[in-house]
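From first to last, the protein sequence lines are chains A and B. Numbering-wise (the working numbering), the first sequence opens with residue 1 and increments by one. Numbering-wise (the working numbering), the second sequence opens with residue 1 and increments by one.
These are calculated hints, taken from the structure and not from any lab test. On a predicted model such as this, the values are computed, not experimentally measured, just so you know. Worth double-checking, as some hints may not be accurate.
Dumping the calculated EDC-like pairs for lysine to aspartate or glutamate here, alpha-carbon to alpha-carbon at most 16 angstroms [unchecked claim]:
1) A:K98 to A:E50
2) B:K6 to A:D190
3) A:K298 to B:D68
4) B:K231 to B:E200
5) A:K298 to B:E61
6) A:K301 to B:D101
7) B:K161 to B:D101
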Amino acid sequence: MPFMKIIKPGLLTTIQDRGRFNYQKWGVPVAGAMDEYALRVGNMSVGNQENEGCLEITLLGPVIEFLQTGLVALTGADLGAELNERPIGAWESFLVTKGDILQFTGVQSGCRCYLAVAGGIKITPVMGSTSTYLRGRIGGINGRALSERDALELKSQVKSNVLTPGLIPAEYRYKPSSLQVVRVVLGPQDNAFTQEGINTFLQSEYLVTHESDRMGCRLQGPEIEHKSKPDIISDGIPMGSIQVPGNGSPIVMMADRQTIGGYAKIATVITPDLWKLAQANAGDYIKFTRVTLAQAHKIYKEYENMLRKLPQKLMDIQEKPGGFGEHKKLLLVKVAGRKYRVEIEEI
Amino acid sequence: MYKRAKYLPAGDKGLVVEFGNTIARDINYKVRSFALAIDRAGISGIIEYIPSYRSLLILYEPLIWNVDQLVDKLQELENDLDLMDFPNPKVYYLPVAYGGDLGPDLNFLSECTGLSKEDVVRIHTGVEYLIYMLGFTPGFPYLGGMDDQIAAPRLDTPRSKIPAGSVGIAGSQTGIYPVESPGGWRLIGRTPVKLFNPLEKKPVLLNAGDYVRFYEITGEDYCKIAEEVDKGEFRVKTGRWTIGEG
């Protein structure tokens with residue numbers, strides 16, 4: 001029996017895991033979650049492997065009916081989730097049961113949220129990944145976005161000793177804002193730009209435009225000056241790479257980027273800051289700031305260490321009397337359009 | 001070609017190994033050899049790599065590799081590169097039906113170059129093209145070695161849908177669209193052979209460093225081969241490339 005059924009698909013809801021690796025040498029894009037951090041935290045908070053396929057929900061969320069009992073989590077953007085018309089937090093795991101309806105009332109902050117399901121969603125991997133690559137029509141459900149009446153099954157039934165639902169620990173929750181400072185390592189083609197061009201890039205605020213999508217975050221702002229021409233001999237593009245075509249406006253290459261490109265790349269966004277671009281909406285601003293590669297690696301190690309500690313932290317919450325275990329519950333309520341977080345404790 | 005490769009950071013997980021700054025066979029050969037050397041060395045912590053015309057983007061796990069140590073390790077491979085023995089490249093013989101509905105721009109090519117349609121086809125099928133790299137869309141081969149006599153400008157307005165298998169010319173490049181996609185190349189023919197099949201263990205037919213040679217088939221042959229391809233009964237003819245050809 002399916003675990004959940006799509007009543008309405010929303011604007012763009014796709015299955016994504018961490019991406020399709022090892023095929024870029026043949027021109028196959030990685031795809032995968034735009035906000036890999038939120039995907040990993042979501043999976044961990046329902047006891048999954050970090051790479052399990054989740055629903056990536058964009059701006060206008062779907063309406064989903066659950067057909068079985070299970071534990072799910074929402075992470076990333078706050079798209080105004082409600083379960084049976086009761087508000088759900090942006091970083092929260094919760095139990096669902098047969099007949100429950102999850103819907104989204106509209107963007108509060110951010111752009112993409114992830115629905116992780118304990119036990120995982122049953123999807124046949126293509127080239128080792130369940131990620132949907134829309135342009136190539138591969139992965140997910142027949143390479144397409146979810147549509148009305150799609151029914152998704154669990155990959156494996158979860159045993160009863162699952163994690164207790166609750167809010168994800170505060171230090172793991174972020175809240176997107178309308179001006180994000182994004183750290184970059186310069187290169188590999190920073191020498192294709194004048195010193196003035198690099199200064200412009202690092203000192204300006206760039207507007208996120210409507211042309212942004214899963215392929216790239218297209219920005220607008222002061223023109224970045226090339227030394228002579230914007231074209232290079234086409235070469236490989238990593239996630240977060242910042243191309244600057246002839247118009248001088250930067251494009252941050254994201255999950256569905258092509259493997260090879262021919263514009264000079266001024267800098268690359270560090271992995272721990274990629275979520276800021278994944279969550280940026282048209283009208284938001286991005287400001288780039290430079291770190292050295294050594295600093296970037298230090299930040300990366302702290303980031304990975306923190307993520308690796310999350311499963312244990314979630315277990316600790318279950319056991320601590322102050323945690324959200326059997327005696328304490330956390331509720332989110334909406335009164336006159338505003339959200340409140342309410343803790344209740346058994347006495 | 002540079003005397004020593006340049007190692008350039010591409011973020012916290014990427015390292016570009018650049019061998020030169022032109023599109024040239026010897027530089028591209030070095031790129032491909034280096035990729036093979038990495039495969040053979042089986043270095044853990046290298047997630048994957050993307051070979052292109054003149055460089056290799058290596059994606060690595062920074063929890064395993066300190067970048068200086070990684071560069072040292074790669075420089076060791078670079079030093080031993082000339083000593084390694086690589087197999088001769090393959091030549092893939094691809095059937096193409098030229099002109100008509102399958103190659104709607106062949107007439108334009110003929111007008112633009114002043115050559116007859118037959119001559120355009122003769123020149124296009126006359127050489128072995130080096131596959132410099134695969135990219136743009138899954139399995140799309142960037143081919144080098146086309147005769148400038150049949151060069152032609154791109155379309156002013158790209159087509160929104162180009163069928164899979166379309167063979168096109170853009171400037172002095174020629175290529176094959178492996179999946180349906182938009183594009184601005186002049187389409188002179190179509191091959192019934194599938195260049196990309198996501199369900200295969202190796203999802204792409206061609207490899208960078210190998211060669212492609214086209215041969216002309218009729219529209220009828222096209223339909224017949226297309227049927228065989230669908231049934232999994234068609235095998236692309238291949239041969240070994242030897243120096244002096246192409």
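Results of checking the hints against the structure:
1. Under the criterion of a C-alpha separation no larger than 16 angstroms, the hint pairing A:K98 with A:E50 is inconsistent with the structure, at around 26 angstroms.
2. For a cut-off of 16 angstroms, the pair hint linking B:K6 to A:D190 stands: about 14 angstroms separates their Cα positions.
3. Straight-line distance between C-alpha atoms of A:K298 and B:D68 comes to about 14 angstroms, which keeps the hinted pair within the 16 angstroms bound.
4. With a C-alpha separation of about 14 angstroms, the suggested pairing of B:K231 with B:E200 holds against the 16 angstroms cut-off.
5. Among the hinted pairs, A:K298 with B:E61 is consistent with the structure: their alpha-carbon atoms are about 13 angstroms apart, no more than 16 angstroms.
6. Between A:K301 and B:D101 the alpha-carbon distance is near 56 angstroms, which puts this suggested pair outside the 16 angstroms criterion.
7. At most 16 angstroms may separate the alpha-carbon atoms for a hinted pair to count; B:K161 and B:D101 meet this at roughly 14 angstroms.
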